[in-house]
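Asks: Mind docking chain B on chain A? Use the hints.
Next come the chains, spelled out residue by residue.
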Amino acid sequence: EAGVAQSPRYKIIEKRQSVAFWCNPISGHATLYWYQQILGQGPKLLIQFQNNGVVDDSQLPKDRFSAERLKGVDSTLKIQPAKLEDSAVYLCASSGAQGAGELFFGEGSRLTVL
Amino acid sequence: SQQGEEDPQALSIQEGENATMNCSYKTSINNLQWYRQNSGRGLVHLILIRSNEREKHSGRLRVTLDTSKKSSSLLITASRAADTASYFCATDGTSGSRLTFGEGTQLTVNP
Numbered sequence: 710e711a712g713v714a715q716s717p718r719y720k721i722i723e724k725r726q727s728v729a730f731w732c733n734p735i736s737g738h739a740t741l742y743w744y745q746q747i748l749g750q751g752p753k754l755l756i757q758f759q760n761n762g763v764v765d766d767s768q769l770p771k772d773r774f775s776a777e778r779l780k781g782v783d784s785t786l787k788i789q790p791a792k793l794e795d796s797a798v799y800l801c802a803s804s805g806a807q808g809a810g811e812l813f814f815g816e817g818s819r820l821t822v823l
Numbered sequence: 007s008q009q010g011e012e013d014p015q016a017l018s019i020q021e022g023e024n025a026t027m028n029c030s031y032k033t034s035i036n037n038l039q040w041y042r043q044n045s046g047r048g049l050v051h052l053i054l055i056r057s058n059e060r061e062k063h064s065g066r067l068r069v070t071l072d073t074s075k076k077s078s079s080l081l082i083t084a085s086r087a088a089d090t091a092s093y094f095c096a097t098d099g100t101s102g103s104r105l106t107f108g109e110g111t112q113l114t115v116n117p
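Line order of the protein sequences matches chains A and B.
Note that the numbering used here has the first sequence beginning at 710, numbered continuously upward.
Note that the numbering used here has the second sequence beginning at 7, numbered continuously upward.
Isolated chain A, as found in the complex:
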C-alpha cells in the first residue's frame, strides 16, 4: 500500500513570496490533515478535511494560509505572503477512521523563509 505522498520535500523562499504544498493521501482515506511543525516542537493542526469538506480550520491563519481538497482526494496548502515565522515542516496525514484514529503521515515539506 502506497503511503502519504508530499511535495516538494524542501522549499526556500523570501518573505512575502508565496508557496504551495501538495499532498496525496492513502487511497480510500476520507480524512486529511495538515499539521505545522516548528523545529523542536510538536505538530500543530492547521486544517482537517473530511472528504472535501472542512471539519476544523480554527488554527489556520486565514489571512495568509489557504487549503483545498479537490474531489476529496489530493490537497494543496498555500501560504501567501510568507513570513519568517512560517519556517517549519508542513506535515500531511490521512486517516481512514471516523474521528481521531491512527494517522498516517507523509515525510513532510520543509519550508525555509529568508
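Check each hint, because a few of them may be wrong.
Facing chain B, a subset of chain A residues (Cβ under 7 Å, in silico) [as the list claims (entries may be wrong)]:
no. : residue
1   : Gly737
2   : Ala739
3   : Gln750
4   : Gly751
5   : Leu754
6   : Asp765
7   : Glu811
8   : Phe814
9   : Gly815
10  : Glu816
Rather than coming from a laboratory, the hints here were simulated on the basis of the structure.
Note that the Cβ used here is the ideal one computed from N, Cα and C, for glycine as well.
Replies: Positioned in the frame of chain A, the structure of chain B alone reads:
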C-alpha cells in the same frame, strides 16, 4: 494550546536499558496515541490506548494510562540504537475529533 505535555524533554540512555517517557494532559479524552519521529521524517504511529484501557503492549512497547491522573507512560524495553527518535503523545479530546500533540521527548540510545 497543546493538550499533551511530555516529560522528560530529552532522555539519553545506553543500549539495552529501558526508556520511560511520560505524558500528561488536561481534559477528558477518548483515546491517547504515541507516535515516533525519526530526524527529518514524518511521524509513525506506535500504539493507541482507549480511555477505558489501563495498559497495552506491542512488542517492546508498554503503554499505561491513568485517567484519574490524566497521564500516560511509554516504556521501551531493551532499547536499541535504532530507537533513537522523538516520541510524541497525542490526545483525542471528548469534545471533538482533533488529535492534539505534545512537544515530544527526544530519546537518544547510545550504542
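Asks: Which numbered hints turn out to be false for this structure?
Replies: 1, 2
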